Amino acid sequence: MRRVGFWIGIVVILSVILFPIIWVYLTSFKTPDDILTTPPKLVFSPTFYNYEYIVSVRPSSLG
Amino acid sequence: MIETVLVESPEARKTFWQVLTSEKYFKWTLIGPLLLTLAVFMIYPLFYCIYYSVQEYVLVKEPYFIGLENYRMVLQDPVFWQALGRTFYVLVVCIAVELILGMAIALYLNREFRGQGIVRGLCLLPLLISPLAMSLMWNYMFHTHFGVVNMVLGWLGVGMVEFFVPGRAIYIIMAMTIWQWLPFSIFVLFAGLRGLPKDVFEAARVDGASPWYSFRRVTLPMLMPLVLIIVLLRTCWLIRLFDPLYGTTRGGVGTELLDWLIYRVSFVFFDVGLGSALAIISLFLTIVICAILFRVLMRALGAAR
Numbered sequence: 000m001r002r003v004g005f006w007i008g009i010v011v012i013l014s015v016i017l018f019p020i021i022w023v024y025l026t027s028f029k030t031p032d033d034i035l036t037t038p039p040k041l042v043f044s045p046t047f048y049n050y051e052y053i054v055s056v057r058p059s060s061l062g
Numbered sequence: 000m001i002e003t004v005l006v007e008s009p010e011a012r013k014t015f016w017q018v019l020t021s022e023k024y025f026k027w028t029l030i031g032p033l034l035l036t037l038a039v040f041m042i043y044p045l046f047y048c049i050y051y052s053v054q055e056y057v058l059v060k061e062p063y064f065i066g067l068e069n070y071r072m073v074l075q076d077p078v079f080w081q082a083l084g085r086t087f088y089v090l091v092v093c094i095a096v097e098l099i100l101g102m103a104i105a106l107y108l109n110r111e112f113r114g115q116g117i118v119r120g121l122c123l124l125p126l127l128i129s130p131l132a133m134s135l136m137w138n139y140m141f142h143t144h145f146g147v148v149n150m151v152l153g154w155l156g157v158g159m160v161e162f163f164v165p166g167r168a169i170y171i172i173m174a175m176t177i178w179q180w181l182p183f184s185i186f187v188l189f190a191g192l193r194g195l196p197k198d199v200f201e202a203a204r205v206d207g208a209s210p211w212y213s214f215r216r217v218t219l220p221m222l223m224p225l226v227l228i229i230v231l232l233r234t235c236w237l238i239r240l241f242d243p244l245y246g247t248t249r250g251g252v253g254t255e256l257l258d259w260l261i262y263r264v265s266f267v268f269f270d271v272g273l274g275s276a277l278a279i280i281s282l283f284l285t286i287v288i289c290a291i292l293f294r295v296l297m298r299a300l301g302a303a304r
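Chains A and B, in that order, give the protein sequences.
Each residue of the first sequence is one higher than the one before, counting from 0 in numbering that gives the first Met the number 0.
Each residue of the second sequence is one higher than the one before, counting from 0 in numbering that gives the first Met the number 0.
Hints in this document: simulated from the structure, not taken from any laboratory.
Since we're looking at a predicted model, the values are computed, not measured.
Some clues are possibly wrong.
As the list claims (entries may be wrong) - Below, a list of computed lysine to any residue pairs in the SDA-like style, where the Cα atoms sit at most 25 Å apart:
1) Lys40(A) / His142(B)
2) Lys40(A) / Tyr139(B)
3) Lys29(A) / Asn138(B)
4) Lys40(A) / Ala132(B)
5) Lys40(A) / Leu155(B)
6) Lys40(A) / Asn138(B)
Next comes chain B alone, as it looks inside the complex (with noise of 0.2 Å):
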């Protein structure tokens, strides 16, 4: 009996299919998609973006090294720290009043009533929707004459109001961005409230906490790395408010917020420079602001274990 031993050397015989699949490259080949593309649309868009925000480059002529030129101008500029003030106002402001709305909606949906399937459903509804599209239509329905408000103000009695006037039109916009996304601050206090456990709400009332008391000293405690959430990432995506914007005021009548004046010096303007050294600003303070919020978060889940 003749026994035949194949033998390979396996680095000659291995199809490039073979070596992906080996032990050792597995991991490169699963997660290897992912890294080209985040090079592509995240990590070159950034160093270029870094490199023009130290040039003097606007459109219609052949860029050249300024340094840090473009960073005085931006910090120098009364407009930015305006813009960056307002930006912070809609933040705190659209954080607290989603949050306090959310809580309170979620804890009037958290018991069992017939439709309630139904009725979490449409609360969801208006996050499904194009911001851009609904800003269109909520300039529509703001509209002095044609909009829907000032008829339901009239029915109430109050008149024709003009909502895109200085000083008001910021509430306007802070009121599209609310209604927005109020459903996600809903939807996660209510998923957390289904989670807590029951016996510790048993206990309260058997020691006599009332409704209000239970909910501060109780609910609040154990919600409080939810609420943390909901403050981090709309902290994210408020700092970069942009859509409600572009249907509605443009930036006028005293609602420049940072996003907006980054897109206006950029592609109106076209001080591409300039709106590089903004937008490397914008995300420099997103980070440091969510580091600190992260920390905090990390810091109560720990706490909450």
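With the rest of the complex left out, here is chain A (with noise of 0.2 Å):
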């Protein structure tokens, strides 16, 4: 029992700190007509658009 307790904390201490980290993951693999939605989706398809277009469309990036 003072193990699941233990382990219940481990989360919350773990999700608080990645959870803007795993956000913004998600979120480059969003189009931008997902990104902008109220509320914002949770279930989406995934997509590369986003680093296509760092890679190719801007002309003052790496490609």
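Two independent chains are provided; combine them into the complex using the hints.
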């Protein structure tokens, strides 16, 4: 029982620390239309649109 | 048998490389690149800044000497005092929260459990992200309509909250900073806890000390130097807090901190003279505060020994 309580604490700490990073990661696979919705979408069809955009479309980037 | 003795005059025959690696000059060879880098990137800009802080220099006009007029303008400006007060408010709140939370999490993680390496490694992640990129993402996450924070608050039944309004925005800035730098306090304190001798705690337990009492009377005094190191470093870093503002409020809605004021005066109003004076004042404050903290730290280190 004490172990369960301990792991609940670990999960709480980690979710507070990691949630913003996970959300950034998820957002990177959304299309601009999916990003700007109210309320934010948790279920969406992932796309590599943003990654293609930074390596090919924007002239100031690496590509 | 003829012995040939090669007589070398030491000055004439030595190559440049031999001079560099000779015993007399080797130390200068080693620290030379560092000194050069410091001179070019730290000392030259510092004197450049001091030079322009006594000039009236708005980028469209030729600079001319006005003495300490810039400093007088800064010290008479209520905006400067406001920004300074706000900076110290952020400083105190952030360091206090980081120390308390950091100590709590460090104590929580200070035991053996399965997957401890992974959990500790994941706790370190926020430190590795660029603060500027993260501030842009926080701006999106705290957005009133599209933000995920409002979605979570909606689940909890709080409803839509507008975050970047006067009086509230500064706490959002603090929250971002604390989130980013909490791992630093966690890991410094955690390393300290790991290094503490076990026998003292056993002695305390045998003597019937409660966990809270042994924490207050045994752990805390022994960790005092580390706490002071965190306070010292975080003070240096928080006085020039800039990144969270750049992505979010851009100095608006009552969040203008000292460094943002310098940026705004120098690169938005292009009043380089006034900006330089502000920067010199900020540098002076940082040096004074950190010198005091450093002395306290050195005394604590002497007492701990």
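Evaluation of the provided hints:
no.: 1; hint: Lys40(A) / His142(B); verdict: holds, 14 Å
no.: 2; hint: Lys40(A) / Tyr139(B); verdict: holds, 14 Å
no.: 3; hint: Lys29(A) / Asn138(B); verdict: holds, 17 Å
no.: 4; hint: Lys40(A) / Ala132(B); verdict: holds, 22 Å
no.: 5; hint: Lys40(A) / Leu155(B); verdict: holds, 17 Å
no.: 6; hint: Lys40(A) / Asn138(B); verdict: holds, 17 Å
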